[in-house]
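S.K.: One-letter residues, chain by chain:
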Amino acid sequence: MFSRFLQQLNTKRITSLSNSFLNNNKRQQIMYINNFVRQNSRNKIIFNNILKTTKNKFVPITMIDQFRNFSNSKVFCHKEITPPKEGEGVTINFITPEGEKITKVANVGDSIMDITQAHDIDLECACEGSLACSTCHVIVDPKYYDKLEEPTDEENDMLDLAFGLTETSRLGCQIVMRKDLDGITVTIPSATRNVKFEGKKIS
Amino acid sequence: MAVVLVLVVVLQKKWFSAFTISSPFRLAVIGSGPAGFYTAYRVLKDHQNTLIDMYEALPVPFGLVRYGVAPDHPEVKNVQNRFEEVAQDSRYTFIGNVKYGEDLTLKDLKSQYDAIVFSYGAGQEKSLGVRNENEPIKNICSARAFVGWYNGLPQYRDLELDLTCTDTAVVIGQGNVALDVGRILLTSVVELSKTDITEYALEALRKSQIRNVIIVGRRGPLQVSFTAKELREMMNLPNTKFHTDSELVKNELFTNVDIISKDRPLKRLMQILEKGMSNSIGYKSWTLKFLRSPDEFIAHGNNDPFRAKYVRAVNFHINRLEGPLEKRVAVPTGKMEELETGLVLKSVGYRSIPLEGLPFDEDKGIVPNYKGKILDSDSNEQPGLYVAGWLKRGPQGVIATTMYDAFETAEVIVSDIRQNKPMISKDTINTAKQGSKAIIPILHQRGIRTISYEDWKKIEEKENEAGKAKHKPREKFARVEDVMHVLDT
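From first to last, the protein sequence lines are chains A and B.
Residue numbers in the first sequence follow our numbering, run continuously in steps of one, and reach 203 at the last position.
Residue numbers in the second sequence follow our numbering, run continuously in steps of one, and reach 1489 at the last position.
In case anyone wonders, no lab produced these hints; they're calculated from the structure.
Misleading hints may appear alongside valid ones.
Stated by the list, open to error - DSS-like cross-link-like pairs, simulated, lysine-lysine; straight-line CA separation at most 25 Å: (1) A:LYS101 / B:LYS1045; (2) A:LYS101 / A:LYS143; (3) B:LYS1045 / A:LYS104; (4) B:LYS1194 / B:LYS1462; (5) B:LYS1457 / B:LYS1099; (6) A:LYS143 / B:LYS1262; (7) B:LYS1289 / B:LYS1241; (8) B:LYS1309 / B:LYS1126; (9) B:LYS1267 / B:LYS1289.
All chains should be modelled from the sequences, with the hints used to inform the complete structure.
M.R.: This is the structure in structure tokens:
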């Protein structure tokens, strides 16, 4: 089942990793993948590219998701790697601090944190979605802001510490994509470049 | 044809630049807390050809994430996963147990690095300037020491505090650290025993008789520096009453309603405070006392042989507030108040100290800098010298604040590299800089035992193992000897 993956790895000459696949059981193989992508960011890119080329036929991904509980560390493989089925995805637009617009199609049920991490969009999520920081602060298009559920006290406590807080600010880890959020635009505010936001979409 | 030719040239150029073996940018980072790690993370991300060596005075990494974050806030420690990712990068090296300014000099570093980031934080505490502050009165210590003690900081492993002799603790200062120490004193030991709080601290807290914590500030309720999450946690402590000067609070809220309504964080904080004033059931209590500046620490006299030299009370000036809201000052009214207490924790902030070779602004307690680039006394940029975190902007803010601040320093470093700005010049022209490859042997020669990241992973594994046996996330080694012992076996 790993032959396609092995082929890819061999072409990339990552033989040490591919060899390990020949000798171990499934769980160990998954551990190897985890270690491999955790080693450095380049590995992560290679790995993601491999997945792109093999499309969603690649089986172990869902297994990695199942194994997430076994690992204390973050796994880079998110649901996004399996692209949503035709007609089932929801569109999300990001406006980066530089003013660039990035459009992605995501699955219903993914949080904005999941989406940014899967696509390498620059949004730091320091506490990894545990409502202990405000680093994934985003500014939501007012049209969509009202569709979201009210933030909890805990989320508001963290938002109070966010830089450039606006009327439509939310934490990215708390916004979960739904069908009716299709087409949502969120702006990633800049904390270091002193850009002033007025709570409106920057376009 | 011409187009193809241009394309070939461009491709070649690109190929060439991508594979040219130019010597890497060698960066030393002093301190392995959030400021150091976030700076390293951003530089590694934005400048591929970098080699980073991070020096840490303690044997183990992560600074205040390990030794400052409250044990009952494990979610805050998730930032360590990002640091772990940095540490696994092949361009990163951790060198623990090396004290900059003692084991390692600026000259050593300058000879082997292109640039240095100082991110060693604020290792001291501010003093209050109170009478008898420097007398050896027992059961008075800084919150910094108390936090370090329960979090396993080697420096405070043997801090002597008696929590059995009194039912009341006074905390001076109204920031998040003050609430942290208050919360730890009032939280049930059963809850704490599930956290990574050190076993010896747990043992002391198990015997603790402290039921009342009084948190004192010199100004009023609108000038507190703690934040909503921490206040909410205090209000939600089980079996704990809350006392405050409700007349003062109501009056302050009423007279400043216009300003409060425009300031969302303040408004929410005051709502929590107001709501909490109805917490009137419980055998424990906590108090926010306003308008009090400490004047004198008072010890038991010698006529009480058991309690001699232990603190008995703190004498406070009673203040009133003057000036506009944004610049409120506390002015003494001339009246005094004595608060009886058997434990005093001073929580009025941290202080950085200038280490070897660094310019220092004594007033602000920081290394003078422009966006992280160190400036000399004439405000000239110092080539290749940078600063990040509390040493750069003062000991304030949460991890996220330090993160943005470290990113700013990293951006300045990368932009300096791209603009070919001068870095640390070479001593001798012919030898290339070697970084830790050259420094580690020097340290070993000086008899210093350096700790690598692999060593730390071994230590961490042992800590996790020891924690598992006690149903805790980890049991930290609080003595340097114990850490070394792990590596010897």
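S.K.: Determine for every hint whether it applies to the structure shown.
M.R.: Verification of the hints:
1. A:LYS101 / B:LYS1045: Cα-Cα ~21 Å, so holds.
2. A:LYS101 / A:LYS143: Answer holds: LYS101 (chain A) to LYS143 (chain A) is near 18 Å, not above 25 Å.
3. B:LYS1045 / A:LYS104: holds (23 Å)
4. B:LYS1194 / B:LYS1462: holds (18 Å)
5. B:LYS1457 / B:LYS1099: With Cα atoms ~21 Å apart, LYS1457 (chain B) and LYS1099 (chain B) stay inside 25 Å; holds.
6. A:LYS143 / B:LYS1262: Given that 25 Å is the threshold and the Cα spacing comes to 23 Å, the pair holds.
7. B:LYS1289 / B:LYS1241: holds (14 Å)
8. B:LYS1309 / B:LYS1126: The hint holds at about 23 Å.
9. B:LYS1267 / B:LYS1289: holds (20 Å)
In this structure, none of the earlier numbered hints is contradicted; all agree with it.
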